[in-house]
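**Q** Those protein sequences? They're chains Y and A, same order as listed. Numbered per the working numbering, the first sequence finishes at 285, counting up by one with no gaps. Numbered per the working numbering, the second sequence finishes at 399, counting up by one with no gaps.
These are calculated hints, taken from the structure and not from any lab test. One or more of the hints may lead you astray.
[To be verified] No more than 35 Å apart at the CA atoms, straight line, and that leaves these computed lysine-lysine pairs for DSBU-like:
hint: 1; chain 1: A; residue 1: Lys391; chain 2: Y; residue 2: Lys162
hint: 2; chain 1: A; residue 1: Lys359; chain 2: A; residue 2: Lys391
hint: 3; chain 1: Y; residue 1: Lys261; chain 2: A; residue 2: Lys332
hint: 4; chain 1: A; residue 1: Lys295; chain 2: Y; residue 2: Lys261
hint: 5; chain 1: A; residue 1: Lys293; chain 2: A; residue 2: Lys332
hint: 6; chain 1: A; residue 1: Lys293; chain 2: Y; residue 2: Lys281
hint: 7; chain 1: Y; residue 1: Lys124; chain 2: Y; residue 2: Lys200
hint: 8; chain 1: A; residue 1: Lys295; chain 2: A; residue 2: Lys365
hint: 9; chain 1: A; residue 1: Lys359; chain 2: A; residue 2: Lys332
hint: 10; chain 1: A; residue 1: Lys376; chain 2: A; residue 2: Lys293
hint: 11; chain 1: Y; residue 1: Lys151; chain 2: Y; residue 2: Lys200
hint: 12; chain 1: A; residue 1: Lys391; chain 2: Y; residue 2: Lys261
hint: 13; chain 1: A; residue 1: Lys373; chain 2: A; residue 2: Lys315
hint: 14; chain 1: A; residue 1: Lys359; chain 2: Y; residue 2: Lys281
hint: 15; chain 1: Y; residue 1: Lys200; chain 2: A; residue 2: Lys391
hint: 16; chain 1: Y; residue 1: Lys261; chain 2: Y; residue 2: Lys281
hint: 17; chain 1: Y; residue 1: Lys200; chain 2: Y; residue 2: Lys214
hint: 18; chain 1: Y; residue 1: Lys124; chain 2: A; residue 2: Lys376
hint: 19; chain 1: A; residue 1: Lys376; chain 2: Y; residue 2: Lys261
hint: 20; chain 1: Y; residue 1: Lys200; chain 2: A; residue 2: Lys295
hint: 21; chain 1: Y; residue 1: Lys261; chain 2: A; residue 2: Lys315
hint: 22; chain 1: Y; residue 1: Lys124; chain 2: A; residue 2: Lys373
hint: 23; chain 1: Y; residue 1: Lys150; chain 2: A; residue 2: Lys332
hint: 24; chain 1: Y; residue 1: Lys200; chain 2: A; residue 2: Lys359
hint: 25; chain 1: Y; residue 1: Lys124; chain 2: Y; residue 2: Lys214
hint: 26; chain 1: A; residue 1: Lys295; chain 2: A; residue 2: Lys332
hint: 27; chain 1: Y; residue 1: Lys150; chain 2: Y; residue 2: Lys200
hint: 28; chain 1: Y; residue 1: Lys281; chain 2: A; residue 2: Lys365
hint: 29; chain 1: Y; residue 1: Lys150; chain 2: A; residue 2: Lys315
hint: 30; chain 1: Y; residue 1: Lys281; chain 2: A; residue 2: Lys391
hint: 31; chain 1: Y; residue 1: Lys38; chain 2: A; residue 2: Lys359
hint: 32; chain 1: Y; residue 1: Lys150; chain 2: A; residue 2: Lys365
hint: 33; chain 1: Y; residue 1: Lys150; chain 2: A; residue 2: Lys359
hint: 34; chain 1: Y; residue 1: Lys214; chain 2: A; residue 2: Lys332
hint: 35; chain 1: A; residue 1: Lys295; chain 2: A; residue 2: Lys359
hint: 36; chain 1: Y; residue 1: Lys162; chain 2: Y; residue 2: Lys150
hint: 37; chain 1: Y; residue 1: Lys84; chain 2: A; residue 2: Lys391
hint: 38; chain 1: A; residue 1: Lys376; chain 2: A; residue 2: Lys315
hint: 39; chain 1: A; residue 1: Lys373; chain 2: Y; residue 2: Lys150
hint: 40; chain 1: A; residue 1: Lys376; chain 2: A; residue 2: Lys332
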Amino acid sequence: MFSHFFVFPILFLVMISGASLNSAEARSDSEPCSYLHKSWQINPSTGICGPTIVHKSSSAQNYAMNNPTNTFQQISCGEGTILKGNSCVIDFRHEISAQGQTDSINDAFLPITNLFNNIPDFPKIDPVQIGFFAAIFIASIFIGRQFSRKKRISRRNRRFIKFTRTRNSNVQDEPGILRVTPEEYRRMQEFERNFTTVGKSDPEYFLHVTSGAKLIDASRRGNELYSIDTIIRGISLRLVKYRDPSTGQLYVSFVPSHINKADHGMAWKFHQTPREYSRTKGNEA
Amino acid sequence: MISWPWNKPKLYRHGDLLIRQVDEIPESAKQLSTDIIAHGENGNTHKLHGSHQVYGTHSSQNYRIIEPTYFQAKEEVSLKHQEHNTLKISKGNYVIVHEREYNPFKNIQEEVID
């Protein structure tokens, strides 16, 4: 266990010693000071490896005659390079002359067409392979999204809603039984309490303020049908508001959720058909 | 068969009651010696005035109780209630239908009693 604590310091020491050996490396006299520019020499006055100033040669004189920008004193830029202006550039003259383009030899020190000749070709990719990998990539994204947290939650909610609707539809066929969540049960209790207190005494206030009912239909006989969808999920509570023909007092009463017309609701209340209810007009007290 | 308007049964609404004209009263109905065809929660009653005969049938909730279900108006009668206007009912046989309401929380229908 403790041996691990010694391994790292030892390795660290070995690396430090190697670096110190590299920094202490020296060249012999026969070696050039720069392998990149083998013609460079160490300036004895400065001790820096750099290009040496040489007197013009015959080749340099010819080059200078062809290129008036050059001076007689040439700087040896190194093997394979020449001085162009104030900078060293690669000498392509021998290649151009070999290709028979000696006319423009002065202006073609750096032919752009030759710059990328030696660049290795990029590996050619088959478009089918690109399509295959793209399809895999897209499929992986699609599969990942299908199993993402958001998707899983939405699927679970859909299942729950479907189950709830099925459950409610079954319960509707079974009189006297209604299975609700605790939250719905709490809302039901509050709603029933408000209905028995406020709804009986002040139906208008109950409908428009307490319950937040939504008006569905209003008939010429003064009946109104309201809907409340916020108490039990999946169940629309329908209330019909009507006025007593004798006293004029307002009443609200629940009717089945399949009723969509106010007069139909009143007909249901008195075991009538809508047509029969229309005939009771004038015979009410 | 054409149902002419003058042949259609008459319908009256008196508070929480619907009075519907019928062709005849069933033989199973029993005669009751009363003028009251319905009772309310506060002691109010729907009471007939005039020449009439009330008939009753067994209650659906309690078989022992016979409650008024039909009446025969031998002439034009008046139906009175403490809280409602008086309703004139012409001669004929009638069935008494009680108003109902729906209880969405119990999913049942209940009879309204005023």
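**Q** For each hint, tell me whether it holds in the structure or not.
**A** Status of each hint after checking the structure:
The straight-line distance between the Cα atoms of Lys391 of chain A and Lys162 of chain Y is roughly 22 Å, inside the 35 Å bound, and the hint therefore holds. At most 35 Å may separate the alpha-carbon atoms for a hinted pair to count; Lys359 of chain A and Lys391 of chain A exceed this at roughly 42 Å. For the given pair, Lys261 of chain Y sits about 33 Å from Lys332 of chain A by alpha-carbon distance, which is consistent with the 35 Å threshold. This hinted pair checks out: Lys295 of chain A and Lys261 of chain Y have alpha carbons roughly 23 Å apart, not beyond 35 Å.
With a CA separation close to 25 Å, the supplied pair Lys293 of chain A and Lys332 of chain A stays within the 35 Å bound. For the given pair, Lys293 of chain A sits about 14 Å from Lys281 of chain Y by alpha-carbon distance, which is consistent with the 35 Å threshold. Under the criterion of a C-alpha separation no larger than 35 Å, the hint pairing Lys124 of chain Y with Lys200 of chain Y is inconsistent with the structure, at around 85 Å. Proposed proximity of Lys295 of chain A and Lys365 of chain A is supported: the alpha carbons are some 18 Å apart, at most 35 Å.
Under the criterion of a C-alpha separation no larger than 35 Å, the hint pairing Lys359 of chain A with Lys332 of chain A is consistent with the structure, at around 15 Å. Using a Cα cut-off of 35 Å, the hinted pair Lys376 of chain A and Lys293 of chain A holds, with the two alpha carbons roughly 14 Å apart. Proximity of Lys151 of chain Y to Lys200 of chain Y is assessed by CA-CA distance (about 47 Å); at most 35 Å being required, the pair is judged violated. With a C-alpha separation of about 23 Å, the suggested pairing of Lys391 of chain A with Lys261 of chain Y holds against the 35 Å cut-off.
Of the supplied pair hints, the one linking Lys373 of chain A and Lys315 of chain A holds, its CA atoms being roughly 24 Å apart against a limit of 35 Å. The straight-line distance between the Cα atoms of Lys359 of chain A and Lys281 of chain Y is roughly 24 Å, inside the 35 Å bound, and the hint therefore holds. The hinted pair formed by Lys200 of chain Y and Lys391 of chain A meets the criterion: a straight-line CA distance of about 19 Å does not exceed 35 Å. For a cut-off of 35 Å, the pair hint linking Lys261 of chain Y to Lys281 of chain Y stands: about 17 Å separates their Cα positions.
Taken as a hint, the Lys200 of chain Y and Lys214 of chain Y pair is honoured in the structure, with Cα atoms around 18 Å apart against an allowance of 35 Å. For the proposed pair Lys124 of chain Y and Lys376 of chain A, the alpha carbon gap of about 106 Å is over 35 Å, so the pair is violated. Annotation: proposed proximity of Lys376 of chain A to Lys261 of chain Y holds, straight-line Cα distance about 33 Å (limit 35 Å). In summary, the hint linking Lys200 of chain Y to Lys295 of chain A is supported, as the alpha carbons are separated by about 31 Å, within the 35 Å threshold.
Pair hint Lys261 of chain Y plus Lys315 of chain A does not hold up; C-alpha atoms about 38 Å apart against a cutoff of 35 Å. Taken as a hint, the Lys124 of chain Y and Lys373 of chain A pair is broken in the structure, with Cα atoms around 103 Å apart against an allowance of 35 Å. At most 35 Å may separate the alpha-carbon atoms for a hinted pair to count; Lys150 of chain Y and Lys332 of chain A exceed this at roughly 67 Å. The hinted pair formed by Lys200 of chain Y and Lys359 of chain A fails the criterion: a straight-line CA distance of about 38 Å is larger than 35 Å.
With a C-alpha separation of about 69 Å, the suggested pair Lys124 of chain Y and Lys214 of chain Y falls outside the 35 Å cut-off, and the hint is violated. For the suggested pair Lys295 of chain A and Lys332 of chain A, the alpha carbons sit about 19 Å apart, so the restraint of at most 35 Å is met. With a CA separation close to 46 Å, the supplied pair Lys150 of chain Y and Lys200 of chain Y exceeds the 35 Å bound. A distance of roughly 19 Å separates the Cα atoms of Lys281 of chain Y and Lys365 of chain A; the hinted pair therefore holds under the 35 Å criterion.
Among the hinted pairs, Lys150 of chain Y with Lys315 of chain A is inconsistent with the structure: their alpha-carbon atoms are about 69 Å apart, more than 35 Å. With a C-alpha separation of about 32 Å, the suggested pair Lys281 of chain Y and Lys391 of chain A falls inside the 35 Å cut-off, and the hint holds. Pair hint Lys38 of chain Y plus Lys359 of chain A does not hold up; C-alpha atoms about 141 Å apart against a cutoff of 35 Å. A C-alpha spacing of about 67 Å is found between Lys150 of chain Y and Lys365 of chain A, which places the hinted pair above 35 Å, so the restraint is violated.
Taken as a hint, the Lys150 of chain Y and Lys359 of chain A pair is broken in the structure, with Cα atoms around 75 Å apart against an allowance of 35 Å. With a C-alpha separation of about 39 Å, the suggested pair Lys214 of chain Y and Lys332 of chain A falls outside the 35 Å cut-off, and the hint is violated. About 15 Å separates the Cα atoms of Lys295 of chain A and Lys359 of chain A, which keeps this hinted pair within 35 Å; it holds. Taken as a hint, the Lys162 of chain Y and Lys150 of chain Y pair is honoured in the structure, with Cα atoms around 18 Å apart against an allowance of 35 Å.
Using a Cα cut-off of 35 Å, the hinted pair Lys84 of chain Y and Lys391 of chain A is violated, with the two alpha carbons roughly 102 Å apart. The straight-line distance between the Cα atoms of Lys376 of chain A and Lys315 of chain A is roughly 20 Å, inside the 35 Å bound, and the hint therefore holds. A threshold of 35 Å between alpha carbons decides the hint, and for Lys373 of chain A with Lys150 of chain Y the separation of about 69 Å lies outside it, so the pair is violated. Among the hinted pairs, Lys376 of chain A with Lys332 of chain A is consistent with the structure: their alpha-carbon atoms are about 16 Å apart, no more than 35 Å.
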